[in-house]
Amino acid sequence: MRMCNMEKRPISDVLRGMEVGAEELFPIEQLNSINAAKNSTLVIDRAKGMNWSVKRDLEHGRVKVTRIK
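Anchor point for the sequence shown: position 50 equals 52 in this note's numbering, and the numbering is continuous, going up by one each time.
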């Protein structure tokens with residue numbers, strides 16, 4: 003696995019600021035935190051209609067988050 007050299011960023015703020023169709027990349031080390039935020043911190047945002055797709059790219063050591071709603 004080739005690890006990408008990305009800085010960690012505040013997940014909830016980045017996800018809330020995304021427009022529908024936008025994509026953001028995070029280091030693979032933030033995968034668990036992204037999933038936790040999506041299912042806890044961002045639950046009110048999801049109830050209002052926001053949603054994100056989370057895809058792991060293990061080959062490159064990153065996570066791609068796409069705003070889908």
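The hints are simulated quantities; they were obtained by calculation from the structure and are not laboratory data.
Wrong hints could be hidden among the right ones.
[Said to hold, decoys possible] Below 30 angstroms or equal to it, Euclidean Cα-Cα: the simulated BS3-like pairs (lysine-lysine) are:
id, residue 1, residue 2
1, 10, 57
2, 50, 10
3, 66, 10
4, 10, 71
5, 71, 57
6, 71, 50
7, 66, 50
Here is what the structure says about each hint:
1. 10 with 57: 17 angstroms, holds
2. 50 with 10: It holds: about 27 angstroms lies between the C-alpha atoms, which stays within 30 angstroms.
3. 66 with 10: 13 angstroms, holds
4. 10 with 71: Status holds; Cα separation ~24 angstroms.
5. 71 with 57: 16 angstroms, holds
6. 71 with 50: It holds: about 10 angstroms lies between the C-alpha atoms, which stays within 30 angstroms.
7. 66 with 50: Given pair residue 66, residue 50 holds - Cα atoms ~22 angstroms apart, limit 30 angstroms.
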